[in-house]
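K.L.:
Chain by chain, the residues:
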Amino acid sequence: MTKHTINLSFFLVLLFIGFNSQSQDINGRITYKGIVKQTFVDSAVAAIKKEKISMSYKKDIIYAMENAHPDEFVLSFKKDESYYYKEPTLEKNIDLMGSRAGSSPYYVNKTLDKTIQVTSALGNIDKIPLEWEITNKTKKIGKYTCRQAKTTEKIYSRDGYFLYNNIIAWFAPDIPISFGPKNYNGLPGLILQIDYKEFTLTAIQINLNIREKDLEIKRVDDIDKLVSEKESHKRIEEVMSDRKKMYKN
Amino acid sequence: MPFRLYVLFSFLVLFQTVGFTQNSLTGKVTDSLNKPLANANILAEPKDSLQQIKFAITDDKGRYRLDLKSIPYTVMANYLGFAKKSFDIQLDRDKTQDIILKESAEGLQEVVLDMPMVVKKDTILYNVNQLTTGEERKLKDILKKLPGMEVDKNGGITVNGKKVTHMLVENKKFFGGGTKLAVDNIPADAVK
Chain W
1 MTKHTINLSF
11 FLVLLFIGFN
21 SQSQDINGRI
31 TYKGIVKQTF
41 VDSAVAAIKK
51 EKISMSYKKD
61 IIYAMENAHP
71 DEFVLSFKKD
81 ESYYYKEPTL
91 EKNIDLMGSR
101 AGSSPYYVNK
111 TLDKTIQVTS
121 ALGNIDKIPL
131 EWEITNKTKK
141 IGKYTCRQAK
151 TTEKIYSRDG
161 YFLYNNIIAW
171 FAPDIPISFG
181 PKNYNGLPGL
191 ILQIDYKEFT
201 LTAIQINLNI
211 REKDLEIKRV
221 DDIDKLVSEK
231 ESHKRIEEVM
241 SDRKKMYKN
Chain R
1 MPFRLYVLFS
11 FLVLFQTVGF
21 TQNSLTGKVT
31 DSLNKPLANA
41 NILAEPKDSL
51 QQIKFAITDD
61 KGRYRLDLKS
71 IPYTVMANYL
81 GFAKKSFDIQ
91 LDRDKTQDII
101 LKESAEGLQE
111 VVLDMPMVVK
121 KDTILYNVNQ
131 LTTGEERKLK
141 DILKKLPGME
151 VDKNGGITVN
161 GKKVTHMLVE
171 NKKFFGGGTK
181 LAVDNIPADA
191 VK
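One line per chain: the protein sequences are W and R, in this order.
Each residue of the first sequence is one higher than the last, beginning at 1 in the working numbering.
Each residue of the second sequence is one higher than the last, beginning at 1 in the working numbering.
A couple of the hints might just be wrong.
As a list, the in silico DSBU-like pairs of lysine-lysine whose alpha-carbon atoms are at most 35 Å apart [to be verified]:
# : chain 1 : residue 1 : chain 2 : residue 2
1 : W       : K59       : W       : K248
2 : R       : K84       : W       : K92
3 : W       : K213      : R       : K69
4 : W       : K79       : W       : K114
5 : R       : K162      : W       : K86
6 : R       : K84       : W       : K139
7 : W       : K78       : R       : K54
8 : W       : K197      : R       : K162
9 : R       : K162      : W       : K139
In case anyone wonders, no lab produced these hints; they're calculated from the structure.
Remember, it's a predicted structure, so these values are computed and weren't measured experimentally.
Excised from the complex, chain W in its bound form (with noise of 0.2 Å):
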């Protein structure tokens, strides 16, 4: 009797384990190339060209220009999380122009539905949800056939007004990952290039269900404490007033 008690637990044991190993949680790893658009480039050029200062310096904004470097991001994600970052710069590079794709972190989690932008200066900021709209246009990305998203996202300028720009994301149906760069997520499959009005974010290398200690997740864990996009605009707008008032005295 005791026998097969300890064969039985034995088996049982080893079912539990079986099933252990199935549920492992999903996980991964993409690096994004960001690069600035020539189009960007071309318009900024002219608009120095145009700017009072002096040449030498006008010749060096220019020349950082020119020869902007692409950045790299990184984006891990698991299970319901994902951490987007961007790669420190070369130090060869630091004189010149970036991507333009932006420097700050992005925490997602998709069971509390949140997308928050982790910034310094304004605090943790809870970003609106984009609503997406599918396109029938398709095209190919290495092996991958993308399906084409549209989505309008309200961006603050620094001259004090709102504007609102178009975003493309070609998204991989065959990738089944919710997940994206920046704060543009939510889709039906992972997105492997943004195309937005100054930049191209485009995915170079997928590693899926990696070590754990391969991955970077930095969790924002104060969800309370989160910062509205409202919010953020408002304080944006505040420094800029603050600093007018500075400029006349």
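Please build the complex by placing chain R on the supplied structure of chain W, with the hints as guidance.
P.N.:
For chain R alone, coordinates are given in the frame of chain W:
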């Protein structure tokens, strides 16, 4: 008053004829052991390509909801590590449809998907068409976009940190083999 009623009535008639009625397709996505699959992707593609594509992502209890017109759709459910499942549907009223996905063997091991480049011992082949946007003007604009490759201020090229000393165009040295002349002068559309 009768005029208002007339307007209201004509609006109602208009909506009946012009607008499609929307019905909702709801259900649960589970694995074969009836465990709910959260964040599964569901795509509803209309047979008529001019119609709007709909999608849903399941919540933490595996539930989804699609608001569909009464036209034929192909619904695809997909979850990482599981086999894709699709079915055709045309809704005339609200419907509940649970989807069971089966685990596929390829799901669990590590997968590395390098984007359009092939590494063969000491050669890296890039498929340039897939990496460029058509906006590039000079060779350096293309090279900058290739994974692992960097072009510095002086036209020097590094691949995965190693400096490129010779550059061959059609197997011949290009103006003595220096990279600067080549990257600044060869037009982007010459690269296929």
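K.L.:
So, for every hint listed, does it hold in this structure?
P.N.:
Structure-based check of each hint:
This hinted pair checks out: W:K59 and W:K248 have alpha carbons roughly 30 Å apart, not beyond 35 Å. As the CA atoms of R:K84 and W:K92 are separated by approximately 46 Å, the hinted pair breaks the 35 Å bound. For a cut-off of 35 Å, the pair hint linking W:K213 to R:K69 is broken: about 46 Å separates their Cα positions. As the CA atoms of W:K79 and W:K114 are separated by approximately 14 Å, the hinted pair is consistent with the 35 Å bound.
Simply put, R:K162 and W:K86 have alpha-carbon atoms about 23 Å apart, close enough for the 35 Å limit, and the pair holds. With a C-alpha separation of about 21 Å, the suggested pairing of R:K84 with W:K139 holds against the 35 Å cut-off. Distance restraint check for W:K78 and R:K54: the Cα-Cα separation of roughly 26 Å lies within the 35 Å cut-off, and the hinted pair is therefore satisfied. About 33 Å separates the Cα atoms of W:K197 and R:K162, which keeps this hinted pair within 35 Å; it holds.
Straight-line distance between C-alpha atoms of R:K162 and W:K139 comes to about 33 Å, which keeps the hinted pair within the 35 Å bound.
The structure fails to meet hints 2 and 3 from the earlier list, while all remaining hints are met.
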